[in-house]
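If you read the sequences in order, they're chains A, B and C.
Using numbering that gives the first Met the number 0, the letters of the first sequence correspond one by one to residues 0 to 282.
Using numbering that gives the first Met the number 0, the letters of the second sequence correspond one by one to residues 0 to 404.
Using numbering that gives the first Met the number 0, the letters of the third sequence correspond one by one to residues 0 to 284.
Just so you know, these hints were derived from the structure itself, not from any lab.
On a predicted model such as this, the values are computed, not experimentally measured, just so you know.
Note that CB positions come from ideal geometry on N, CA and C, so glycine has one too.
Where hints are given, some of them may not hold.
To be verified - With a Cα cut of at most 27 Å, we get these calculated BS3-like pairs of lysine-lysine:
1) B:LYS166 / B:LYS221
2) B:LYS208 / C:LYS86
3) A:LYS109 / C:LYS50
4) B:LYS145 / B:LYS123
5) B:LYS252 / A:LYS42
Claimed, not checked - Partner residues aside, some chain A positions facing chain C, computed with beta carbon under 10 Å:
6) PHE32
7) TRP53
8) LEU88
9) PHE89
10) PHE106
11) THR114
12) LEU121
13) LEU149
14) TRP161
15) THR164
16) VAL249
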Amino acid sequence: MTTAGTSLERRPLAATGIAIAAIVLVVVCLFPFAWMALSSIKKLPELFTVPPHWLPNEPTLDNYATVFFHSNIPRYFLNSCIISGGATLFALALAVFAAYGFARFEFRGKAWLQTFVLVGQLLPTAAIIVPLFITLRWLHLINTYWGLILIYTIITLPLSVWMLTSYLRGIPVELEEAATIDGASRLGVLFRITLPLAMPGVVAVIVFCFVTCWNEFVFALVFAQDQSVKTLPIGLAEFSTEFNTDWGGVMAASMVMTLPVVILFLAFQRLFVGGLTAGATKG
Amino acid sequence: MKLDKLAGGVAVSTLMLVPSVAMAGDVVWWTPNWSQERAQKLADDFHKANPDINIKLQITTSNGLPQQVMTALQSGSGPDIIEVQHGWVQGYAQSDLVLPLDDTIQDKADYNKAVIAEDTYDGKLYAIPYRIECTALIYNMDDYLKAGLDPANPPQTWDDWMAASKKMTTGGVYGMAITGGGEFGNTITRALPLVWMNGGDIISADGKKAVINSPEAVAAIKFYTDFYTNKVSPDSTLQNDGVANRQLFIAGKVASYLTGQYDIAPIAQAAPNLKIGAFMTPHPAGKQTAGILNGWSFVIPKDAQNPTDAKKFLQFLNTKDNQGYFTDTFPARVSALDLPRFQDPTLKPFAGMLPYGRPTPNTPHWVQISQAMFNGIQRILSGQQDPQAAMDQANDEIQALLDSD
Amino acid sequence: MARPSPGLMFILPAILILMMLIAYPIVYTLILSAVDAHGNFTIKNYANVLKPYVTRQAFQNLIVYVGGSIVFQVILGTAAALLLNRKFWGRGVVRSITLIPWVVPGIVAATTWAWMFHTEFGIINYMLAGAHIIPGPIGWLTNPNTVMPVLVAINVWKLFPFVAIMVLAGLQAIPAELYEAAKIDGATVWDEIVQITLPQVRPVLVAVTLLLVIWGLNAITLIYAITQGGPANLSLITPIQIYQLAFVSFQFNAAAALSVLFFIVAAIIVAIYIKVIPSSAETAR
Numbered sequence: 000m001t002t003a004g005t006s007l008e009r010r011p012l013a014a015t016g017i018a019i020a021a022i023v024l025v026v027v028c029l030f031p032f033a034w035m036a037l038s039s040i041k042k043l044p045e046l047f048t049v050p051p052h053w054l055p056n057e058p059t060l061d062n063y064a065t066v067f068f069h070s071n072i073p074r075y076f077l078n079s080c081i082i083s084g085g086a087t088l089f090a091l092a093l094a095v096f097a098a099y100g101f102a103r104f105e106f107r108g109k110a111w112l113q114t115f116v117l118v119g120q121l122l123p124t125a126a127i128i129v130p131l132f133i134t135l136r137w138l139h140l141i142n143t144y145w146g147l148i149l150i151y152t153i154i155t156l157p158l159s160v161w162m163l164t165s166y167l168r169g170i171p172v173e174l175e176e177a178a179t180i181d182g183a184s185r186l187g188v189l190f191r192i193t194l195p196l197a198m199p200g201v202v203a204v205i206v207f208c209f210v211t212c213w214n215e216f217v218f219a220l221v222f223a224q225d226q227s228v229k230t231l232p233i234g235l236a237e238f239s240t241e242f243n244t245d246w247g248g249v250m251a252a253s254m255v256m257t258l259p260v261v262i263l264f265l266a267f268q269r270l271f272v273g274g275l276t277a278g279a280t281k282g
Numbered sequence: 000m001k002l003d004k005l006a007g008g009v010a011v012s013t014l015m016l017v018p019s020v021a022m023a024g025d026v027v028w029w030t031p032n033w034s035q036e037r038a039q040k041l042a043d044d045f046h047k048a049n050p051d052i053n054i055k056l057q058i059t060t061s062n063g064l065p066q067q068v069m070t071a072l073q074s075g076s077g078p079d080i081i082e083v084q085h086g087w088v089q090g091y092a093q094s095d096l097v098l099p100l101d102d103t104i105q106d107k108a109d110y111n112k113a114v115i116a117e118d119t120y121d122g123k124l125y126a127i128p129y130r131i132e133c134t135a136l137i138y139n140m141d142d143y144l145k146a147g148l149d150p151a152n153p154p155q156t157w158d159d160w161m162a163a164s165k166k167m168t169t170g171g172v173y174g175m176a177i178t179g180g181g182e183f184g185n186t187i188t189r190a191l192p193l194v195w196m197n198g199g200d201i202i203s204a205d206g207k208k209a210v211i212n213s214p215e216a217v218a219a220i221k222f223y224t225d226f227y228t229n230k231v232s233p234d235s236t237l238q239n240d241g242v243a244n245r246q247l248f249i250a251g252k253v254a255s256y257l258t259g260q261y262d263i264a265p266i267a268q269a270a271p272n273l274k275i276g277a278f279m280t281p282h283p284a285g286k287q288t289a290g291i292l293n294g295w296s297f298v299i300p301k302d303a304q305n306p307t308d309a310k311k312f313l314q315f316l317n318t319k320d321n322q323g324y325f326t327d328t329f330p331a332r333v334s335a336l337d338l339p340r341f342q343d344p345t346l347k348p349f350a351g352m353l354p355y356g357r358p359t360p361n362t363p364h365w366v367q368i369s370q371a372m373f374n375g376i377q378r379i380l381s382g383q384q385d386p387q388a389a390m391d392q393a394n395d396e397i398q399a400l401l402d403s404d
Numbered sequence: 000m001a002r003p004s005p006g007l008m009f010i011l012p013a014i015l016i017l018m019m020l021i022a023y024p025i026v027y028t029l030i031l032s033a034v035d036a037h038g039n040f041t042i043k044n045y046a047n048v049l050k051p052y053v054t055r056q057a058f059q060n061l062i063v064y065v066g067g068s069i070v071f072q073v074i075l076g077t078a079a080a081l082l083l084n085r086k087f088w089g090r091g092v093v094r095s096i097t098l099i100p101w102v103v104p105g106i107v108a109a110t111t112w113a114w115m116f117h118t119e120f121g122i123i124n125y126m127l128a129g130a131h132i133i134p135g136p137i138g139w140l141t142n143p144n145t146v147m148p149v150l151v152a153i154n155v156w157k158l159f160p161f162v163a164i165m166v167l168a169g170l171q172a173i174p175a176e177l178y179e180a181a182k183i184d185g186a187t188v189w190d191e192i193v194q195i196t197l198p199q200v201r202p203v204l205v206a207v208t209l210l211l212v213i214w215g216l217n218a219i220t221l222i223y224a225i226t227q228g229g230p231a232n233l234s235l236i237t238p239i240q241i242y243q244l245a246f247v248s249f250q251f252n253a254a255a256a257l258s259v260l261f262f263i264v265a266a267i268i269v270a271i272y273i274k275v276i277p278s279s280a281e282t283a284r
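Start from the sequences, fold in the hints, and give me the full structure.
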């Protein structure tokens, strides 16, 4: 599978350069995360020492016990999975069609419609939250999974359409033309040729949608008032009382919120491989 | 994998789609997570005495609470009872978002007068306060004794206070930490009473003129920021709020700071060996001390589904014993202060401040006005302006706000 | 391929959903901005938000914050994507680690960084002073000269993985024979990047930058959690000002007016951007 990566055999110096760059990247990304991870196994007196120290003298798993057995995090984890997953699927379905329309066709008012897609994103959250609440209440969707799924779809749809449009534009149109000549329908071309070739872009959009929904706080707070639908970010806020925050618990909960997504990505990142093999464009 | 979850979601959410119609006899109560257990007990007790009324608790968090409450009130679909801070009540009352409760409150004369004034708008009472608190000074007993100070004779005047704080600033420890960062409420709670003590104010009594740049007010602000200028307050003051100061106190970097009694338990938990002392906020020589009364009240939204039962429940919640049980700090009822729980000697200075507590001014722009004062204090602390210039600028901004109606 | 109806059919579902749910908030905000507390028509709200100096200050801070962030997010993100595109041992793990800053909940990342940059508790001052790089503790978040750069740096850390992942996906669409042909011609790594890679991912880069602008114009979590817009409004940005007006000061009409103004300015920026990039239906070559 000759993809867009290059092999390193002929460039030993480049190999060292790449190793250093990779190490720098890992350190930059992990530095605060390591602090969070270590904080999650510290007892309260060790969290705010002056001078600060990295490693705990008495590591403890109490914070994780709190998260798993004495908080609402497990239930919220399930809710977050359902809501984020649902919104991602819904937004993806809509975005795939819309992006294909924008990427491959010309029609009157296209530029205006493309702008319109983005318009909703430009309104500040503080301005749209009350009217959206009224709308959802009218639809009887407050405190439901579908209510939040719908809201998150609106939040992620515009950017998904834009990203996916640019990815689809990167697929050579000749490949589709060849299939059309052979008698395939528009939809057939979309699903059998274009999308598989744009798989990295599709995966990127899935990641974007899921991560955005997973961490969203404000809308979840307002639209999910009942424990049965609350999401993980609200669970995080529940570790704070009026004047006090269980920082060990917050850090442990953050680990629980972050690691599954990262591990999931690790499993799927092999899909970040281009489908354009040599000779594909030569008909 | 995702399809399964989606199917599960559809199944579960179909059950959820049944709209939560509040049946007659249901009272929905938004209560914060830090008093959840007590709230549940009171709800159960009430239900035993009134079996046809069901109290449903929905737990709120402090993060995002103003937004949550405002959205519910403005959209016309909220719960029956909400717990809010006293300072928010004016805004709700002016926008006609909550019901007047003059017909609900019992023994009004038993309540702390200042907090009743704060919950009153246009002659009507729009919230029932149940909890009040004032700040005083907490100090590290070891540092205090080491500086040669006497716990039986704490500083009474500003001069004594500054002198004592300087004595405690030694060996890498800061004598007295002020707040200069975080949410502006932290600093207003600590600095505005100093202005009052010295005879000044932030706006005139009729609410039309800004007076924060009067000589008395500026002198008080200067006294507050002098703790930082004299290096008695840590270098990080501009980013510290009350919680940060508590953490510095626990870490042994700070010998004393202004706060409420809600810090005592967290300090004991984090540093069991730290001996704490407390004294009332000192005042200028020959004058009286003062404090801002913070705390929480109950409101009933205008569009509540079941106001009748909600009012009944509020009366139950605000009996002397129940108020005394539910509050985190002090009850709003004066008679409830006699309950055994409030006789703890460590609480004495904080209880002593209550009669000197004053309400924040009743003006529609209060939040922006206090923000202007806070920004001025920050400008002084960051060295951009001296106290007079900073307060002059704040005065202009506040006057513009008062004139903008 | 240029018939109007198929294209419109494809985009119709998305447009309909968006229209249903965005139209009402837009109308609601417009109306709210043009009435006073009693429902009478007035333009006072606009006057009240435009007059104070703080509005201009917040907007200037916003431009600095968003502009500074985007420059480095795109540069670092693209560099990371180029690195993650090369084959090396452990690439999958490094890719996943790169995702972490973006996935970590915003509020936790914000408070952790604020903690680390704290003058007294912070590990950063501790390490820098210990290595004798700085003479004493620095007030990173309190000094007027450092507070904005530090906030920009944190924002870059948080979002450059988004750029990296999006650009990495775009890099996969580049056919290998382009590189092979270049190698035959004797191109260096640098030549490859400049002549082949970057032009190929230009559409993705353009879209990503646009998204970062839009996101940046509305993002309050980081700054709000770390400095609340202080000290003394030095880090206040317009979205935070709107939030404070609406939910802290109860000035909904003023908040609506500021939202409308903000929306118009943002829409102009976006419209200019869209006009500049090509919108043809062919490929990016």
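_Hints numbered earlier in the text: which of these fail when held up against the supplied structure?_
As far as the earlier hints go, 2, 3, 4 and 8 are violated by this structure, in ascending order.
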